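Colleague: Here's the letter readout for the chains.
There are 2 protein chains.
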Amino acid sequence: MEKTGLSLIGIGPGNLDLMTKQAIDVSQSADIRFLEGYTSSLPTESQKELENMVGEWSMLMRPMMESADEILKIAENKKVAIMVIGDPMIATTHIDIRLRCLERGINFNYIPGISAISLAISTSGLQSYRFGRQITITYQYGEYLPISPLIQMVENRSRGLHTLALLDLDPTGMGVEIPVPMTPEEAGRILKEMAKKSEENVEDIESWNVLVCSDLGTFSERIIATTVGELCNIHGGRIHSLIFPSEMHEMENLAFNSWKIHS
Amino acid sequence: MEKTGLSLIGIGPGNLDLMTKQAIDVSQSADIRFLEGYTSSLPTESQKELENMVGEWSMLMRPMMESADEILKIAENKKVAIMVIGDPMIATTHIDIRLRCLERGINFNYIPGISAISLAISTSGLQSYRFGRQITITYQYGEYLPISPLIQMVENRSRGLHTLALLDLDPTGMGVEIPVPMTPEEAGRILKEMAKKSEENVEDIESWNVLVCSDLGTFSERIIATTVGELCNIHGGRIHSLIFPSEMHEMENLAFNSWKIHS
Chain A
3 MEKTGLSLIG
13 IGPGNLDLMT
23 KQAIDVSQSA
33 DIRFLEGYTS
43 SLPTESQKEL
53 ENMVGEWSML
63 MRPMMESADE
73 ILKIAENKKV
83 AIMVIGDPMI
93 ATTHIDIRLR
103 CLERGINFNY
113 IPGISAISLA
123 ISTSGLQSYR
133 FGRQITITYQ
143 YGEYLPISPL
153 IQMVENRSRG
163 LHTLALLDLD
173 PTGMGVEIPV
183 PMTPEEAGRI
193 LKEMAKKSEE
203 NVEDIESWNV
213 LVCSDLGTFS
223 ERIIATTVGE
233 LCNIHGGRIH
243 SLIFPSEMHE
253 MENLAFNSWK
263 IHS
Chain B
3 MEKTGLSLIG
13 IGPGNLDLMT
23 KQAIDVSQSA
33 DIRFLEGYTS
43 SLPTESQKEL
53 ENMVGEWSML
63 MRPMMESADE
73 ILKIAENKKV
83 AIMVIGDPMI
93 ATTHIDIRLR
103 CLERGINFNY
113 IPGISAISLA
123 ISTSGLQSYR
133 FGRQITITYQ
143 YGEYLPISPL
153 IQMVENRSRG
163 LHTLALLDLD
173 PTGMGVEIPV
183 PMTPEEAGRI
193 LKEMAKKSEE
203 NVEDIESWNV
213 LVCSDLGTFS
223 ERIIATTVGE
233 LCNIHGGRIH
243 SLIFPSEMHE
253 MENLAFNSWK
263 IHS
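Sequence lines, in order, name chains A and B.
Residue numbering for the first sequence follows our numbering, beginning at 3 and increasing consecutively.
Residue numbering for the second sequence follows our numbering, beginning at 3 and increasing consecutively.
This is chain A alone, in the form it adopts within the complex (with noise of 0.2 Å):
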């Protein structure tokens, strides 16, 4: 293993036995620890877990890693592991960053980490090849309110195709402060403005269906099925993401229902 360089290192979706050896071990050996913070966060208690099975570690946040200089210097001479919730190479800026290794001859490795991402579509039941572009439903700034990712959303259904909604963590987006994951009953409220806002043949959304994913890879995962009209009813959970099925095949449908909660 090299004596110097830069490990991007993804350690999965939350819960910490999702690490992979791989990721364990490469963190534990670097000399230099840290956890990226502004595109997840850990909750408390793993963050204690993570510094006992790998070693102290410090938080990043997206002013230091965009400009990235101070760590490629440290890189240039000792190991140094950036530990990244989920998966490393999803943002742009941690693309960004394996090229500045390139260009500057700093070695560079990439471990990857299970996804929220994946983990939303595989664990849904419904079928992977299915799934159309995916989107995010981002905060409201004040008026600003864009409507694209329901006009996206629109796309995939009129092409038979699922959607992936994430849903933002950073009110301010300024990627500075601590995270503030969106909750589906404000994901449901903003799809409703958008809704009113677009001039699509969108007036039904209260009946779609929805399956709300919660805190997936952890102990408290939690999948419910309902409509978009009931996501106000879905509390508790930290985060979230969401699925959109458009016209769903029958094995599909029995998975759908399973997430039902009969009561």
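Since the hints were derived computationally from the structure, they do not count as laboratory data.
Just to be clear, a hint being listed does not mean it is correct.
Identical chains blur together in the list; that is why a pair holds if it fits in one copy or across any two.
[To be verified] For lysine-lysine, the following BS3-like pairs were computed, each having C-alpha atoms within a straight-line distance of at most 27 Å:
1. K5 to K75
2. K262 to K23
3. K23 to K50
4. K23 to K5
Owing to the predicted nature of the structure, the values given are computational and were not obtained by experimental measurement.
Use these hints to put chain B onto chain A, whose structure you have.
Modeller: For chain B alone, coordinates are given in the frame of chain A:
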């Protein structure tokens, strides 16, 4: 932990260091272990290593998995582990097993793994939210060559979305033989056949960009940026998937170019 029941366990893309801690623990603690052997395959040396890591196992092919009665019967009284290369909840059959356990009151436990699908997307450096529906390029059976994968790719391209293509590994279509992963060369030939049969405007298919992702997550991982016309010159490697980028953003272009071979 439960004393009976069925665990469906993702063991990751082939490099066993990418098994999660949970996958290792649950496999070890099972009374009986199977490795699902028809949707993917492990190199011989990894098969032996898996035994050293978790204990003895036997191979499970499609007919037994689809009937499943025998397995479910064992799972009523013992802890059964079905290990699956990649992530277990992509193919329909495996979803079926969860539903049948629910129905029969058998404990069911799903442990996610890193799949080649998410790995191809993340390793590529392209942005995950710009991927459209994924396709599978299947072997040609005699004269029969469906062109729907190409049509779906054209649809993605027209929306500015990238396409991930999985390559078939079952030349018989029956799931009973040892898998024979399709080569990039063969995939290129089949794509060009599809283009000839298609009424889409795809005369320029030879010039389309493509990323060849080979043996991802293993020590022989290799990614090559090339074109469809040049796929016939790509040799070596065991299991491949292809990514067809549509128009790329600036950072994606840099990422794509970083995979070109400079000789």
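Colleague: Hint by hint, note whether the structure agrees.
Modeller: Here is how each hint holds up against the structure:
Taking the shortest alpha-carbon separations for K5 and K75, only the intra-copy value of 14 Å comes in at or below 27 Å, while the best inter-copy value is 51 Å. In this assembly of identical chains, K262 and K23 lie within 27 Å of each other by CA distance neither inside one copy nor across copies; the values are 35 Å within and 30 Å between. In this homomeric assembly, K23 and K50 come within 27 Å of each other (Cα to Cα) both inside a single copy, at 19 Å, and across copies, at 18 Å. Taking the shortest alpha-carbon separations for K23 and K5, both the intra-copy value of 19 Å and the inter-copy value of 25 Å come in at or below 27 Å.
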